Amino acid sequence: MINNVSKLRVTDGRVNKDIQSCAIFGVMDRSGRRFGGKMIIEAMKNMKVRGNGLGGGFAVYGIYPEYKDCYAIHVMFEKEEVKQKVDGFLNKYFDVVDDEEIPTKEDVNLDPPMFWRYFVKPQKKGKDKILSDDDYVVDKVMKINTGIDYAYVFSSGKDMGVFKGVGFPEEIAELFMLEELYKGYIWTAHSRFPTNTPGWWGGAHPFCILDWTVVHNGEISSYGTNRRFLEMYGYYCTLFTDTEVIAYAVDLLMRKQKLPIEVVAKIFAPPMWDQIDRMEEKKKKFYTTLRMVYAPLLINGPFTIIIAHHGEMIGLTDRIRLRPITAGEKGDLLFVSSEEAAIRAVCKPDKVWTPKGGEPVIGRLKKR
Amino acid sequence: MKSHLLPEFIVERDEERCDNCKVCIKQCPFDVHYYDEEREKVMSKSELCVGCQRCVVYCPRNALRIVPYKAYRPNDYWHEDYIRDIKKQAESGGIILTSCGSSRRAKVYWDHILLNASQVTNPSIDPLREPMELRTFLGRKPDYLEIEFSEDDVEIKTELYPNLMIETPILFAGMSYGAISYNAFKSLAIAAKKFGTLFNTGEGGMPKDMREEFKDCAIVQCASGRFGVDPEYFNYSAAIEIKIGQGAKPGIGGHLPGEKVTATISSTRMIPEGTDAISPAPHHDIYSIEDLSMLIYALKEVTNYEKPICVKIAAVHNVAAIASGMVRAGADIIAIDGFRGGTGATPKIMREHVGIPVELALASVDQRLREEGIRNKCSIIVGGGIRCAADVVKAIALGADAVYIGTAALIALGCTMCQRCHTGKCAWGICTQDPNLSKRLNPKVGAERAYNLLRAWSLEIKDVLGGMGINAIESLRGNRDHLRGIGLEEWELKVLGIKGAGE
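Listed in order, the protein sequences are those of chains A and B. Note that my numbering gives residue 10 to position 10 of the first sequence, counting from 1, and the numbers run on in steps of one. Every position in the second sequence, counted from 1, becomes a number in my numbering once 1000 is added.
Incorrect hints may appear among the rest.
Claimed, not checked - Label-pair distances were calculated between CB atoms; the ranges are:
{"no.": "1", "chain 1": "B", "residue 1": "1460", "chain 2": "A", "residue 2": "354", "range": "33 to 41 Å"}
{"no.": "2", "chain 1": "A", "residue 1": "179", "chain 2": "B", "residue 2": "1149", "range": "34 to 42 Å"}
{"no.": "3", "chain 1": "A", "residue 1": "311", "chain 2": "B", "residue 2": "1150", "range": "40 to 48 Å"}
{"no.": "4", "chain 1": "A", "residue 1": "130", "chain 2": "B", "residue 2": "1463", "range": "34 to 42 Å"}
{"no.": "5", "chain 1": "B", "residue 1": "1257", "chain 2": "A", "residue 2": "280", "range": "51 to 59 Å"}
{"no.": "6", "chain 1": "A", "residue 1": "351", "chain 2": "B", "residue 2": "1463", "range": "39 to 47 Å"}
{"no.": "7", "chain 1": "A", "residue 1": "179", "chain 2": "B", "residue 2": "1155", "range": "41 to 49 Å"}
{"no.": "8", "chain 1": "A", "residue 1": "127", "chain 2": "B", "residue 2": "1150", "range": "34 to 42 Å"}
{"no.": "9", "chain 1": "A", "residue 1": "68", "chain 2": "B", "residue 2": "1288", "range": "52 to 60 Å"}
{"no.": "10", "chain 1": "B", "residue 1": "1305", "chain 2": "A", "residue 2": "139", "range": "53 to 61 Å"}
{"no.": "11", "chain 1": "B", "residue 1": "1288", "chain 2": "A", "residue 2": "139", "range": "36 to 44 Å"}
As the list claims (entries may be wrong) - Here are the simulated lysine-lysine pairs, DSS-like style, with alpha carbons at most 30 Å apart:
{"no.": "12", "chain 1": "A", "residue 1": "258", "chain 2": "B", "residue 2": "1107"}
{"no.": "13", "chain 1": "A", "residue 1": "284", "chain 2": "B", "residue 2": "1194"}
{"no.": "14", "chain 1": "B", "residue 1": "1045", "chain 2": "B", "residue 2": "1087"}
{"no.": "15", "chain 1": "B", "residue 1": "1499", "chain 2": "B", "residue 2": "1045"}
{"no.": "16", "chain 1": "B", "residue 1": "1194", "chain 2": "A", "residue 2": "285"}
{"no.": "17", "chain 1": "A", "residue 1": "124", "chain 2": "A", "residue 2": "85"}
{"no.": "18", "chain 1": "B", "residue 1": "1026", "chain 2": "A", "residue 2": "283"}
{"no.": "19", "chain 1": "A", "residue 1": "83", "chain 2": "A", "residue 2": "45"}
{"no.": "20", "chain 1": "A", "residue 1": "284", "chain 2": "B", "residue 2": "1157"}
{"no.": "21", "chain 1": "A", "residue 1": "143", "chain 2": "B", "residue 2": "1439"}
{"no.": "22", "chain 1": "B", "residue 1": "1157", "chain 2": "A", "residue 2": "283"}
{"no.": "23", "chain 1": "A", "residue 1": "283", "chain 2": "A", "residue 2": "45"}
Said to hold, decoys possible - Far from chain A, some chain B residues (derived; all Cβ distances over 10 Å):
{"no.": "24", "residue": "1301"}
{"no.": "25", "residue": "1455"}
{"no.": "26", "residue": "1468"}
{"no.": "27", "residue": "1472"}
{"no.": "28", "residue": "1474"}
{"no.": "29", "residue": "1482"}
In short, the hints are calculated from the structure, not lab data. These figures come from a predicted structure and were not determined experimentally. A virtual CB, placed ideally from N, CA and C, is assigned to each residue, including glycine.
The task is simple: from the sequences and hints, build the whole structure.
Here you go:
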């Protein structure tokens, strides 16, 4: 299935959307201690029935301390000859500090494409000079994803990376040797159960822009509304999954508009009007305004998401809890999972609880 | 000249049932029924009948039937309407006047659009058990909110534009006091207030005695005739609408004949009693987009920037570009009236041939505003032939924020679409200023019917939303993924921005 699936899915802005169900898991050490992938791989194995082997992936934070100041660009090549183009592109727009093939195990039977990672620093020229580094990187990543066929950027943040593909999560972990090679302080993972799309390595989760990643379980019924609103802000969905919409909404609200997750959670999953109407005046006005202005970013229908970026991991489910979410704690470790069993499979938690619909579970790095 | 015109309806009277009670004579303002002293029984002149069905409903013995009369040899090209119109014009030499909305056989796009529902991968939501939210805000929205956080407190720093909050995305369209009776006007005002939505005064001003009570649920109109317009009128309102055009008669003005300008209408419209109220075709202070902008800001000034300003246009060929200009000129809400929209009087040629379907107009306006990144700077209300809750749902999914209903609201009050509004003899007391006729409509009963319609449609909208797995109307807005076309050409699907069924 080597072709440019993403391009085939658009017809005049009328979109073919992925439908899928999933398992998600996230674990963060709030003290910032870096740890290996064993725990999350075991947890994902525990939820194997929630996926069907057509997609698995991981996001890990804190894996490239030696290149802390560089954007780590993970690129997938469906055709090896495309690499030349991407090399040229990156060398034109960036100072490529280092690059190498992402090591993979050869005896894993997954038929993977080629993966490469580049550690880069922006080289802004001309009118790009007015852009912030982050906006510059976003712009260039979008250019690769929409402009260079058969190449796709998996992740583009500093000191973090996304590893994903077609297979069960434990197979992907084995392919990329996550257990052996990497240590991070946040790990999030996803196992996919797509219903209507062929396996495509780019279609697996997590979705990433800069160091923001999203793993998602659900099928949002507001997709068209959300997508068309985001288009007004220059986000064009090239993958046509719900998750991509959420990732862009997170980028717009949290990175660009600098709203904290506590507010963003109430935009994605706002309280009902009859709750708002009963609030005291000031709160009522706040929620009413929030819903009025950000109505097109209400995420309707079932979803559970784990959003992560440096220093923060967040779990959130939709406002009427149509998808499962469980949270757990053990010391500095915070867990968010589709199922409680997966948390218990990897540790003996101090506490587990079921967050309410629309109430975010937030893990923040402790100040040292 | 001997008239060649034939009756359009035949009155059928069941002689056995009729007991000559004369109720039909009293009910008919068109003098169809009469008592024949010689024969000592009630008789009818079918040639005068307009088919309003008033006598049928009120006949205590159920003795009457009014049936359409197709007189001429059927011909799909020389359709009966054309034959009758030609004969009429051959006798009168004038323009054919009519009313209501276009009744021509043109493609109805609503009927070529199908809705979606959830199955398996996404649960439908049961509207009987879960909240379903229809609350809607109309007006300009900021691009983003600046929020300030302090110790245990959040505060929104962004200055907000005025917005209207309505409990269902359905408003009553502009119908003036003058075009419709005081009782019809008031029926809609009461229903809107009770339901938590808005009615629209049309261009005839707002009766003084209603101002205080209904100021929060009235959109007051400022049209080319500027009837009843003064600062108090604008300030006793929820919003102001500048009416540029009307779907039933784009490009032309209006004419309320002097005989309808009664004492109360004269004081409401601020014109002498008995004089014709003529609305010019254009606003004579708006010959360009910059002129429109000046009027918009003049109205904002007079209301201290506390009310959203709506601009209403008819759906015409260039509607997307015009709408974009309107938003840039400062309109907070744009109202688009499709060619099916109704009227109290219009030349038939305008009603039947000018303007485009609102479905297509809406789709292209919404898309254009998004491409230009200004969709959130305004709300879109569409009207012109919204017949049922499904039309409302489809309109919202195509991109409307809310809909205007005019004809449907009047049908709820009693209208039977006989298309004789322009005669001023409405048997149902709606489109008339004859006190004997208008008293037939009790505003309390009228309000109850209009309220019930809003309620029924809102319930139906909730049902459909639940099926789609959506529990707030904002998640349907512009969500064309939930629409599919059937029996449409590729260009039509493209304009509507939807896929074909099965795709």
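Hint by hint, here is what the structure shows:
Taking the beta carbon of each, residue 1460 (chain B) and residue 354 (chain A) are about 35 Å apart, inside 33 to 41 Å as hinted. A beta carbon spacing of about 40 Å between residue 179 (chain A) and residue 1149 (chain B) agrees with the range 34 to 42 Å that was offered as a hint. Distance hint check: the CB atoms of residue 311 (chain A) and residue 1150 (chain B) are about 22 Å apart, inconsistent with the given range 40 to 48 Å. Against the hinted window of 34 to 42 Å, the Cβ-Cβ separation of residue 130 (chain A) and residue 1463 (chain B) comes to about 51 Å, which falls outside the hint.
Residue 1257 (chain B) and residue 280 (chain A) have their C-beta atoms about 56 Å apart, which keeps the hinted 51 to 59 Å range intact. Between residue 351 (chain A) and residue 1463 (chain B) the CB atoms are about 41 Å apart, so this pair conforms to the stated range of 39 to 47 Å. Between residue 179 (chain A) and residue 1155 (chain B) the C-beta distance comes to about 48 Å, which sits within the given range of 41 to 49 Å. Separated by about 38 Å at the C-beta atoms, residue 127 (chain A) and residue 1150 (chain B) satisfy the suggested range of 34 to 42 Å.
The beta-carbon spacing between residue 68 (chain A) and residue 1288 (chain B), approximately 59 Å, falls within the hinted interval of 52 to 60 Å. Checking the proposed 53 to 61 Å range against residue 1305 (chain B) and residue 139 (chain A) shows it is violated: the Cβ atoms sit about 37 Å from each other. Remark: the range hint 36 to 44 Å for residue 1288 (chain B) to residue 139 (chain A) is upheld by a beta-carbon distance near 38 Å. Taking the CA atoms of residue 258 (chain A) and residue 1107 (chain B), the gap is near 48 Å; set against the 30 Å cutoff, the hint is violated.
Of the supplied pair hints, the one linking residue 284 (chain A) and residue 1194 (chain B) holds, its CA atoms being roughly 22 Å apart against a limit of 30 Å. Restraint check for residue 1045 (chain B) and residue 1087 (chain B): satisfied, since their Cα atoms lie roughly 20 Å apart, inside the 30 Å limit. At roughly 53 Å between alpha-carbon atoms, residue 1499 (chain B) and residue 1045 (chain B) are farther apart than 30 Å, so this suggested pair is violated. Taking the CA atoms of residue 1194 (chain B) and residue 285 (chain A), the gap is near 23 Å; set against the 30 Å cutoff, the hint holds.
Simply put, residue 124 (chain A) and residue 85 (chain A) have alpha-carbon atoms about 19 Å apart, close enough for the 30 Å limit, and the pair holds. About 60 Å separates the Cα atoms of residue 1026 (chain B) and residue 283 (chain A), which puts this hinted pair outside 30 Å; it is violated. For the hint pairing residue 83 (chain A) with residue 45 (chain A), the CA-to-CA distance comes to about 34 Å; that exceeds 30 Å, so the pair is violated. A threshold of 30 Å between alpha carbons decides the hint, and for residue 284 (chain A) with residue 1157 (chain B) the separation of about 16 Å falls inside it, so the pair holds.
Using a Cα cut-off of 30 Å, the hinted pair residue 143 (chain A) and residue 1439 (chain B) is violated, with the two alpha carbons roughly 69 Å apart. Pair hint residue 1157 (chain B) plus residue 283 (chain A) holds up; C-alpha atoms about 14 Å apart against a cutoff of 30 Å. A C-alpha spacing of about 43 Å is found between residue 283 (chain A) and residue 45 (chain A), which places the hinted pair above 30 Å, so the restraint is violated. The non-interface label for residue 1301 (chain B) is consistent with chain A: the shortest C-beta to C-beta separation is roughly 25 Å, beyond 10 Å.
Non-interface call for residue 1455 (chain B) relative to chain A: holds, since the shortest CB-CB distance, roughly 17 Å, exceeds 10 Å. A cut-off of 10 Å between C-beta atoms contradicts the statement that residue 1468 (chain B) is not in contact with chain A; the least separation is 6 Å. With a cut of 10 Å on Cβ distances, residue 1472 (chain B) falls inside the contact zone with chain A, its closest approach being about 6 Å. The claim that residue 1474 (chain B) lies off the interface is violated: its Cβ sits roughly 4 Å from the closest Cβ of chain A, which falls inside the 10 Å cut-off.
Against the 10 Å criterion, residue 1482 (chain B) falls within the reach of chain A, whose nearest CB is about 7 Å from its own CB.
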